[in-house]
Structures are given as structure tokens and as C-alpha cells.
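Protein sequence lines correspond, in order, to chains F and D.
Going by our numbering, the first residue of the first sequence is number 1, and it counts up by one from there.
Going by our numbering, the first residue of the second sequence is number 168, and it counts up by one from there.
Careful, some of the hints might be misleading.
Think about it this way: if two alpha-carbon atoms lie no more than 27 Å apart in a straight line, the pair counts; the simulated DSS-like pairs of lysine-lysine are [claimed, not checked]:
| no. | chain 1 | residue 1 | chain 2 | residue 2 |
| --- | --- | --- | --- | --- |
| 1 | F | 107 | D | 526 |
| 2 | F | 23 | D | 605 |
| 3 | F | 12 | F | 139 |
| 4 | D | 605 | D | 548 |
These aren't lab readings, by the way, just hints derived from the structure by calculation.
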Amino acid sequence: MSLEFSADAQAKIAALCERYPTKQPVVMAALHIAQKQFGHLSDDALRLVASTLGLPYAHVYGVATFYTMYRREPSGATTIRMCTNISCMLRGGYDVLAAFEKQLGVKKGGTTSNKLFTLVEEECIAACANAPCAIAGTKYLLDITPDQVPSIIAALEKNPSPESEVV
Amino acid sequence: MTAPIGTKLVSARFGNLEAQTLAGYERTGGYQSLRKALAMRPDDITAEVKASNLRGRGGAGFSTGMKWSFVPKDAKTVHLVCNADESEPGTCKDRELIYWDPHLLIEGMIVAAHALKAVHNYIYIRGEMMREYVVLQKAVDEAYARGYLGKNVLGTGLEIHLTVHRGAGAYICGEETALLNSLEGLRGQPRLKPPFPAVKGLFGNPTIVNNVETLMNVPFIIDKGGAWFNELGTGRSGGTRMLCVSGHVNKPGVFELPMGITFNEIINDVCGGVWKGRAVKAVIPGGVSMPPLDASELDVPCEFDALQTDERIKPVMVSPTQPFDLGGGRQLRTMAGSGGVVVLDDQTDIPKAVWRIMKFFAHESCGQCTPCREGTGWLEKVSRRVADGNGKPDDLELLASISHGIAGNTICALGDAAAWPMLGFLTKFRADFEAKLKNVKTRAA
Ligand SMILES: Cc1cc2nc3c(=O)[nH]c(=O)nc-3n(C[C@H](O)[C@H](O)[C@H](O)COP(=O)(O)O)c2cc1C
Ligand code: SF4
Ligand code: FES
């Protein structure tokens with residue numbers, strides 16, 4: 001199955017190509033844009049990015065697999081990125097991660113069966129002074145305690161926050 | 168004379184949401200320094216920045232004016248790149264700075280671009296900072312619409328462009344040459360240095376990479392002068408400093424503080440002391456890449472030179488009798504790093520905390536150099552079994568020798584960033600590690 005970029009996506013990519021001396025630097029943005037449109041980066045999506053920018057497929061594949069935010073598989077509507085790095089760990093980050101796992105019924109790295117959530121253990125998200133913290137979709141969750149987790153999940157069930165909405 | 172507590176430059180607009188907009192920024196004096204700078208000769212701007220003793224806030228603390236002057240005089244195409252990839256654990260100032268005062272960064276970059284004669288300039292912002300990206304892109308669009316950016320900046324005939332480039336999750340892209348590769352649309356793997364970016368950087372052109380906070384200080388230097396800025400500091404480093412205090416204190420936070428403030432003052436006067444009435448066990452002074460301080464070393468100022476040379480800080484050792492050699496017999500104490508101050512109280516499980524730090528580096532190694540790729544993996548594995556109480560009798564020597572094998576033998580400083588804290592914790596908290604090993608022996612017997 002071959003894919004096509006929407007008119008809006010094509011316009012965005014064309015505008016970005018003006019900002020660099022070649023098209024190659026646009027690959028990161030094009031992958032973000034493809035992920036927004038298609039939900040994840042299938043082989044076909046990578047082929048589309050490659051042909052749009054005139055790059056070898058292998059190059060695009062290499063870039064897409066280097067960075068952790070690019071998804072090769074479908075994920076839940078909202079990705080929860082829970083930090084367990086030093087500052088968060090010192091203030092109970094692993095307990096909050098466990099509370100998310102319990103509430104969602106999945107282990108870290110997993111996606112819930114209703115496809116609403118993906119739970120990821122994240123490295124430092126640059127909010128250490130508000131540890132423990134997480135990013136849920138595009139929003140920061142700060143100073144989280146385990147007992148807040150059920151209401152956080154309930155709110156996100158009603159209002160999912162897809163990461164790629166900012167692209 | 169250093170600035171009193173409460174002096175605010177880069178954080179002055181924190182909490183004022185209106186300042187995110189161009190109108191709000193201009194109402195509070197924004198873009199006046201740019202007007203002044205546009206009337207100055209590029210070399211005079213660089214001279215002013217040199218005189219200010221502004222030092223890079225991204226990690227290495229290198230003199231900003233000096234760095235700018237490394238760009239070859241006959242260079243045709245120069246780029247300025249802002250490093251907004253902030254991901255050093257313990258560090259959370261750039262994200263706040265961008266969120267609250269995006270136009271201050273843009274103004275600083277336009278001034279710097281004018282000084283460097285740079286036309287096409289970029290902000291590399293960490294992919295996970297989605298909220299900040301939206302705020303920043305909006306501010307850039309406003310600055311274009313108002314003529315601060317574009318083909319003819321404020322009618323001066325200068326062409327200055329600014330493009331926000333989003334990352335996609337990779338700590339290593341904070342290292343400046345990895346960042347440049349990522350900007351070029353490659354995998355974010357560091358380059359061998361030399362050549363340094365100031366000579367051969369983005370797209371093969373001379374490129375200056377500066378941290379967010381570094382560039383945000385530039386408008387103040389233009390406004391009030393390099394000498395004024397230097398006066399605020401300690402003599403060897405000018406201005407104030409954003410510190411991110413996290414961990415076991417009563418009031419963690421992101422604070423703009425005097426350059427010469429001591430760790431005891433930070434913990435007790437600024438952050439309300441250690442939580443739960445406990446005492447300090449260890450302090451990581453500038454992000455997890457930096458060797459820790461113990462409780463007896465906290466009267467030292469949190470300043471670039473002091474942390475490297477103050478003799479009250481014990482040197483990092485490879486073994487109980489062999490100090491770590493930074494080269495030429497120079498000892499490693501610690502460094503100011505990224506401004507991420509992490510406080511660990513006296514009930515902290517030190518080996519477990521160290522394992523978490525090693526896990527981070529093993530995860531983030533880009534895999535190009537064998538000592539780093541294999542070494543960080545081993546550090547994680549061995550530190551984990553020690554922390555879990557399953558260590559072997561020689562494991563502490565093993566951890567030290569792996570670290571020593573990594574340090575100084577890799578393409579970029581991520582290898583050192585893993586090795587230094589490992590050695591530092593082993594040097595200063597050996598008893599904590601030994602206690603874990605002792606448990607193993609008792610259980611076996
Ligand atoms: C592994 C590694 C990660 C780094 N991460 C960052 C970062 O997230 N932000 C940053 O500004 N500098 C980071 N640096 C430092 C940069 O390489 C570079 O020195 C800095 O951006 C220069 O700006 P400055 O002179 O204004 O400090 C990192 C360095 C290394 C070795
Ligand atoms: S030191 Fe580590 S992160 Fe740096 S280039 Fe080598 S393998 Fe990559
Ligand atoms: S350590 Fe969790 S946000 Fe920095």
C-alpha cells in the first residue's frame with residue numbers, strides 16, 4: 001500500500017525545505033509529520049518520507065530508528081512518559097510508575113487493550129524540581145503522588161492528548 | 168562584589184504570562200538591546216561579551232566571547248545554533264526559560280547572529296518539549312512579522328533567519344557535534360574534534376553552539392555593558408546563574424542565584440533545608456555527569472572555577488592511592504556542569520542511586536566507541552548487582568577499572584560523564600558500597 005501526505009503536510013514540508021540548504025535536514029520534521037498523519041512510522045511511511053525528500057530509504061530508516069520518539073508500531077492515544085531518573089527516583093518516581101502500571105493494567109512499554117494509553121519509562125524530562133513528574137501527551141504532570149494516578153487516568157480517558165498534535 | 172540574592176536577569180519575567188507575547192515583551196523593555204546592538208559593529212559586540220566574562224551555561228563553562236572569536240575572520244557563511252536540548256538529569260532551567268521568556272532568547276540570538284555575521288540560525292529544541300516548542304515557534308513567527316527577523320532586520324539591510332528544529336528523543340543530541348549531525352538530518356552521533364564547530368560545524372561552515380541561558384544573557388550585556396555584567400559575578404565568571412535544585416530539599420525549584428553562592432546557602436537559605444529534618448549525604452553539583460560532593464564540602468561556592476580547584480573538595484580517585492589524572496597531572500574534583508543541583512539525604516541508598524545514573528548512561532550511549540558502548544553497559548550491570556546486594560568481592564575494583572578504561576578514550580564526553588560520577592561516588596561513599604558487599608558475605612556464610 002503506498003501512502004500520500006495530506007495537502008497540509010505537503011505544504012509544511014515544502015516550507016521547511018526553504019529553511020535549509022538541502023532537503024536532508026527536513027527528515028526529522030517530515031518523520032514527525034508522517035507520524036502525526038499515519039499514527040506510526042510503518043515501512044510505507046518511511047518510504048513516503050524518503051521519496052518526498054529524495055533520500056535513500058536506508059537513510060530515513062536509520063534516522064527513524066535512532067530517536068526514541070519515533071514509533072514504528074501503533075501506540076495508544078495518549079503516551080505517558082514517566083520519569084524515573086535521579087531526581088524523580090529520590091522522591092518516589094518508581095512508586096508512581098508502579099501506580100500507573102497498576103491503574104492501566106500494563107507494564108512499562110505496554111499499550112492498553114482499549115488503545116487509549118501507552119506507558120513509557122522515560123529518562124529525565126527537564127522538570128526535576130517538580131519530581132516526580134511525567135509527560136502525558138503534550139502536557140506536563142508535576143509533583144505526582146501515587147494516589148493521584150486514578151484521577152489523572154480518568155481525565156485523560158475523557159480528553160486524550162496525542163503527542164503529535166503539536167506538529 | 169557579587170550580586171545579592173534576588174538579582175534577576177534571565178528569570179525576571181517568570182510568572183508573567185503576558186511576556187510570552189511580543190507585545191508583552193516589548194512593554195517590559197524587550198528588543199531595546201537589539202536596537203542598540205544593531206548600531207554597534209559586530210567586533211565591538213564580541214568585545215563586550217568577552218569583557219562580561221559570560222561563561223557557557225550548557226556544561227563546560229567556556230568563555231562565550233572567546234568562543235565567538237574563534238570563527239575565522241574570512242568565513243563566508245557562519246551559523247549560530249542554540250542548544251535547547253536540555254536533558255542532563257537534574258537540569259530543568261532551559262525549559263522554564265524558553266517557556267516564560269521566548270523573546271529574550273530570540274533577541275539574544277539576533278544580537279549574537281549580528282556579532283557573528285550569521286544569516287541562517289537554528290534553535291535545536293528537545294522533542295519532548297512540546298509545550299515549549301509551541302510557545303517558541305509562535306514567538307519566532309511574531310518576531311518575523313514585526314521585522315526583527317527576516318531579509319531586512321528593522322530596515323538595516325541585515326538578513327537574519329531563525330528556524331526552530333525539533334529533536335525526537337536522544338540525550339546525546341545535547342552534545343554539540345551530535346546536535347549538528349542531527350540538524351543535518353543524520354543520526355545524532357558525535358563527531359571527532361578537532362575540527363571544532365567554530366571552524367567547521369553545520370553544513371561544513373563555522374558554527375557557534377551556545378546554550379539557551381548563555382544566549383539569553385547577551386541582551387543584558389549589550390544594555391548595561393560587559394563591565395557591569397562582570398561585576399555581578401565573581402571576577403572570573405560574570406552574571407548570575409540559573410540553578411535547578413531537586414531531590415531531598417523542602418523547597419525544590421529553579422532559581423536565579425548569585426554566581427558565588429555556596430551549596431550550604433542554596434540548601435538552607437534558598438530551599439528551606441533538607442526534607443524530613445534529615446541531613447545531607449551527598450550533593451550532585453551540576454547534573455549527573457559531575458562527581459558528587461559530600462556533606463563536608465558544601466561551603467564551596469557553586470561556581471565554575473571553584474568547583475574545579477577548591478582544595479576543600481577531595482580529588483576523585485581511581486584507587487585509594489591513585490588520583491584520577493585529567494591530563495598533565497591535573498586532578499579531578501568536580502565541575503559546575505549544567506546547574507542541576509541534586510541533594511541526597513542521609514537515608515539515601517547511594518549504590519542504588521548510582522545504578523540509576525549508570526542505567527541512564529548505558530541507555531544513552533550512541534554506540535560509536537567501544538569503551539563507552541561496552542563500558543557503560545558493564546557499569547550498569549555491575550552497579551546493579553552491587554546495589555541489589557548480589558555483588559562480588561572485587562566488584563568495586565571492577566567498577567573503578569571499567570570507569571578508568573572509559574575516561575578519556577572516547578569520541579565525546581559522554582564516556583567521561585559516566586566514568587567521573589562512578590569514580591566520584593566510589594571515592595567519597597565507599598563505605599556505602601562496602602556495606603552492600605558485606606551483606607552478601609554474611610548471607611553466603
Ligand atoms: C553528553 C553531552 C550532553 C550535553 N547536553 C547538553 C544539553 O542538553 N544542553 C546544552 O546546552 N549543552 C549540552 N552539552 C554541552 C554542549 O556540548 C556544548 O558544550 C554547549 O551547548 C555549548 O554552549 P555554551 O558554551 O553556551 O555552554 C552536552 C555535552 C555532552 C558531552
Ligand atoms: S563516547 Fe559514547 S556517546 Fe560519545 S560518541 Fe562515543 S559511544 Fe557515542
Ligand atoms: S530526573 Fe525526572 S525530570 Fe529530571
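Comparing the hints with the structure gives:
no., hint, verdict
1, F/107 / D/526, "holds, 19 Å"
2, F/23 / D/605, "violated, 59 Å"
3, F/12 / F/139, "holds, 24 Å"
4, D/605 / D/548, "holds, 19 Å"
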